[in-house]
Every structure is written in structure tokens, then in C-alpha cells.
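K.L.:
Just so you know, the sequences run in chain order A and B.
Last residue of the first sequence: 250 (the numbering used here), numbering continuous.
Last residue of the second sequence: 204 (the numbering used here), numbering continuous.
Simulated from the structure, these hints should not be mistaken for lab results.
All C-beta atoms in this analysis are idealised placements derived from N, C-alpha and C, irrespective of residue type, glycine included.
Where hints are given, some of them may not hold.
[Said to hold, decoys possible] With beta-carbon atoms standing in for the labels, derived distance ranges:
(1) B:R181 / A:R30: 35 to 41 Å
(2) B:P2 / A:A219: 49 to 55 Å
(3) A:P204 / B:E115: 19 to 25 Å
(4) A:P77 / B:E51: 46 to 52 Å
(5) A:G59 / B:T54: 23 to 29 Å
(6) B:S167 / A:A219: 54 to 60 Å
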Amino acid sequence: MAAASSNDAPETGAFFPRDRSWHPPAFTPRYKTTVLRSPQRPLISFSNTLSEMTGPVFGQNILHELDNDLIMNFAKPGESAQGPRIVVHGRVLDERRRPVPGVLIEFWQANAAGRYRHKKDGYLAPLDPNFGGCGRTISAADGSYSFRTIKPGPYPWPNGVNDWRPAHIHFSIFGSGFAQRLITQMYFEGDPLIKLDPMVGGLPDPRAVEQLIAPLDMARTIPMDATAYKFDIVLRGRRSTLFENRLEGN
Amino acid sequence: MPQPLDTLKETPSQTAGPYLHIGLMPTFVGIRGPHAGDLGSRMVGDKTKGERITIEGRVIDGGGEPLRDCLVEVWQADAAGLYPSPSETRGAADPNFTGWGRAAADPQSGVFRFETIKPGRCPFPDGRLQAPHVSLWIVARGINLGLNTRLYFGDEAEANAADPILSRIEPQSRVGTLIARRNGNTFSLDIHLQGPDETVFFDI
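Next up, chain A with everything else stripped away, as it sits in the complex (with noise of 0.2 Å):
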């Protein structure tokens, strides 16, 4: 039976090739630490096999309630997280547009001062008692994603003199097979600090950097509580087997 598109036809062969002009290269000196932990020698390239294809899964039962809520899952009885608070929300395609339902999605982020609570962060600004800075989820049925958190903080970082990291959230977003597996970070609607980030200045094309901007997204506000910005995360898409080795079934 033909599918309606070649966006519909089953998702069983290997992932389209990885565009590496789109993502930033290993060595992006203006971000020092890639000097010496960027590869130099050309990447091996072989089709994919079972090995790439297959991922591991997770099922709801490694979620808690509050996973998905970082205003409340490290805040004592009673209180809450400090910073204005959002709901970041989208959906996981790939590139045939198609929802990628029942994937693991993890999140963390610096706190509404912009300080990590982690024993490497130095920065003078203040933890919060109240926030921990990570939560995780798992894509619904058509792909979508929610989490309540509260929008962090820009902070310098040891690079240049005075480089800043413009606001941000960290994902790790697995797929259906290892090959997919991503991690990104995602940036706020109208930040004048993305465009002097050495870190976004690695991304060759204007577009990519475009496509890790959150917009504010009014329709998803909870209206005198949170803001709301919108996400949608794409991952590689993968081959039909139709004209590979097998008809049946396509």
C-alpha cells in the first residue's frame, strides 16, 4: 500500500546521514576548551547498523510527579523556588516532521541568579535553597513535552575577560536509536547576550542559531502564575526500508 507521503512511510531503515555543517565544529577556538579536546583527524564514516538503529527506552515508571516541575521538586514544604516563573513546552519531531513519542528528555539549568548548584560553580551570586536545577520527562503520544521551572540567570564564565553565557536550559534528548542521541542547550526570545556567547558564535549557520531560541509563547501562559516559551526539538529521521530490502510491510 503506498503511504500519503514519503513523510508517513515506516520508520524501520537507518538514520539520514548527520549534517555536521549545521552543528559547530570540534574546534571553535573562541571557546578555548575545544582547543584541546576537539578530534583532528577526519570522522570514519560507515552505514549504519543495528548498533546505531536500536537505543535504549524508558518507561514512565522511572518518572516522579515532580520531575517535571524544578519550582517545587527541591523546595521545602511550604515554599518554592525563587525567579520568574515558566513553563517551557514543544514537541520532539524528526526530520520528517514526524512526533517522536516516548522519549526520555533531561533538563538543568543555573538558578534565576545564574549559579549552578554544583561544587565546580564559583560565581559570587547566591544558591537557592530551594531549587536543584534538573528534572526530566518523557515525550506523549504526538511528541509533546512540558516542565515548569523558573526562567535562569545569565553568568560569566572563565573564557575571555568578560565573556557572559546568555540565559539558558540544557537538554538531553534520547531517540529511538543511539544514533540520535543529542544534547543542546536552549536560549530565551530577545537575550542580547546570545549573540556574543562564544559558544553560540561555534554554530555556522544564522538559522541554527535561530532554531535554539525559545519564542515567548502567550497561548501557553498561566495566566497572574508563569510565562510560557516553546521548544520543539528535532532529531535525525530515519529511513523507510522500501526500496533497501523488503517490501512487505511498507
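Given chain A's structure and the hints, the job is docking chain B onto it.
P.N.:
This is chain B only, laid out in the frame that chain A set:
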């Protein structure tokens, strides 16, 4: 203008940064939460089939220093060569094996360690068997896009010599960068990001 293809671009990667533990291994850095431990910290149980092994190593930078702030994830087949994944179509994998593990480098020594089982063999797309291997994914501050490599086993010389991926690496002298040395039940492999011993990384 032709019709648009109507496809999307993959979300671009950004570094996991120095504080990746907060989100990925909160227990490891002392963040109390509702969970008993960190995801991926336990791959095997009492009933897992297969030979128990330890995999350990370090990720070394271009200055010869181990990365003390990196995180490594592994993905591997079970003892029969089956992956515990819905995308595995050949049969049911060992239900007592996760196949997936996650470990942070030790903050002092930089050593990462996995308690797992030795994987079985699984086929290459053309039907030839691959040598037993573990897929590795490495993220850290200063790594802009997670690095993919593989670990093969030093006591599998015959399978390694016939492996479809290892045999295509040029020059062949680089194959050794992927082969872990066996000592008892422990397989050790240092991953070099740069230099004359730079590890083979893959574009998968």
C-alpha cells in the same frame, strides 16, 4: 522554484558544559531527589546472562590530561547479540540486561567504569557478523557535539580481524585505538582526543 521537501533540520548540538552532572547524574553530585540513584548506573542484575566484565578507561585531552568532567554513555548487545530495544527486530533480548549505561569520569582520576557483560555478535547490514563491541558516546565541556566511538575486545583477535568496520579503517595502525586490553575480567581503554594515538571517532 521546485516544491519544498518539507523536511526539518536536526536541532543543532551545544556542549553539555561543566555542570552536566546536575541533569544527567544528580545523585553523583549530591543533589537530593526522589530517585534512588542515577539513570544508567546499573546495567546488570543477578539474573543477567553472560560473562561479567568491567570496562574502564579515561578520556585524554591533547595536552595529555584526563578529562575529569566528562560523561560517557555505552550501548551494547546482550550476551546473545540482541539489543534490548523496540528497534530490535530479530528477537527478544535478555530482560535482565539494560544494554545502556552512563558513567561520569572520577573527579580526581578521570577514570570511568561500567560493570556489564561481554556482548555477543550482531550482523552488519550485509549479513556479515561484527566483532563484539560496545558503542560509546562522550560528552563534556569543550566537546561541541557528542563523540561516537566503539570499544572492541582484545581477546577477540579473530573476530576483530574480520570485522567489517575495523577492516575499513585507514591506516590499519589506528585500529588499535579501539581495542581494550584484557586484565582478568577488566577491559581497559584510554580514549585520546588528539595526538599520535588519537582514537578513531565515527560519523554514524
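K.L.:
Has the hinted range 49 to 55 Å been met by the Cβ atoms of P2 (chain B) and A219 (chain A)?
P.N.:
violated (34 Å)
K.L.:
Could you say whether the range 35 to 41 Å given as a hint is met by the Cβ separation of R181 (chain B) and R30 (chain A)?
P.N.:
holds (38 Å)
K.L.:
Starting from the hint 19 to 25 Å, judge whether the C-beta atoms of P204 (chain A) and E115 (chain B) obey it.
P.N.:
violated (40 Å)
K.L.:
So does S167 (chain B) sit 54 to 60 Å from A219 (chain A), Cβ to Cβ?
P.N.:
Check passed, 55 Å falls within 54 to 60 Å.
K.L.:
Is the gap between the beta carbons of P77 (chain A) and E51 (chain B) within 46 to 52 Å?
P.N.:
holds (48 Å)
K.L.:
Against the range 23 to 29 Å, how does the distance between the Cβ atoms of G59 (chain A) and T54 (chain B) compare: consistent or not?
P.N.:
At roughly 27 Å between Cβ atoms, T54 (chain B) and G59 (chain A) fall inside 23 to 29 Å, so the hint holds.
Of the numbered hints stated above, those contradicted by the structure are hints 2, 3, listed in ascending order.
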